[in-house]
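Colleague: Sequence:
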Amino acid sequence: MSSWQDYVDKHLLASRCVTKAAIAGHDGNVWAKSEGFDVSKEELTKIALGFDNQDTLTSTGITLANTRYIYLSGTEKVIRAKQGKVGAHCVKTTQTIVVSLYEDPVQPQQAALVVEKLGDHLVSHGY
1 MSSWQDYVDK HLLASRCVTK AAIAGHDGNV WAKSEGFDVS KEELTKIALG
51 FDNQDTLTST GITLANTRYI YLSGTEKVIR AKQGKVGAHC VKTTQTIVVS
101 LYEDPVQPQQ AALVVEKLGD HLVSHGY
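According to the UniProt record's numbering, the stretch in the sequence shown is residues 1 to 127, in order.
There could be a bad hint or two in this list.
List time: in silico DSSO-like cross-link candidates among lysine-lysine, alpha-carbon distance up to 30 Å [as the list claims (entries may be wrong)]:
hint, residue 1, residue 2
1, K77, K46
2, K46, K10
3, K85, K41
4, K46, K82
5, K41, K117
6, K82, K33
7, K117, K46
8, K10, K33
9, K46, K85
10, K33, K85
11, K82, K41
12, K77, K33
13, K82, K117
14, K117, K77
15, K46, K33
16, K117, K10
17, K77, K10
18, K77, K41
19, K85, K117
20, K41, K10
Here are the simulated distance ranges between beta carbons [said to hold, decoys possible]:
hint, residue 1, residue 2, range
21, D55, Q5, 18 to 26 Å
22, D6, T56, 16 to 24 Å
23, G126, T67, 17 to 25 Å
24, P105, T56, 26 to 34 Å
25, T56, S3, 16 to 24 Å
26, T58, P108, 34 to 42 Å
27, D104, S3, 14 to 22 Å
28, D55, K82, 17 to 25 Å
29, A65, D104, 13 to 21 Å
30, S2, T58, 34 to 42 Å
31, Q109, K41, 12 to 20 Å
32, G84, G36, 32 to 40 Å
These are calculated hints, taken from the structure and not from any lab test.
Ideal Cβ positions, reconstructed from N, Cα and C, are used throughout, including at glycine.
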């Protein structure tokens, strides 16, 4: 299995669809992140809890690295948000949350494909 940092660097960032990313446990502890993406444990914990109660996200949005993103939509496994030209795509797996940012001209579907593919890979390996 690759290291957690390899998943961020070689799967997400190398796709050129994702500009910043982090992988964390459901408890908000960061396992790996891209350089300069200063997400906090508190921010990640709120996102992890938000998968189960997205009603709260419609009013509060999500915050990543001190930037607030407007909640767009989601399921029990995916949260989508946006702030200006930057979008956020978050995926919940069995043990992790994968948080990513993408910027125009990357389309939301392009980022979603990359992030969800990694999420599916992690689930298939018990994570």
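Colleague: Going back to the hint list, which numbers does this structure go against?
Modeller: 21, 22, 23, 25, 26, 27, 31 and 32
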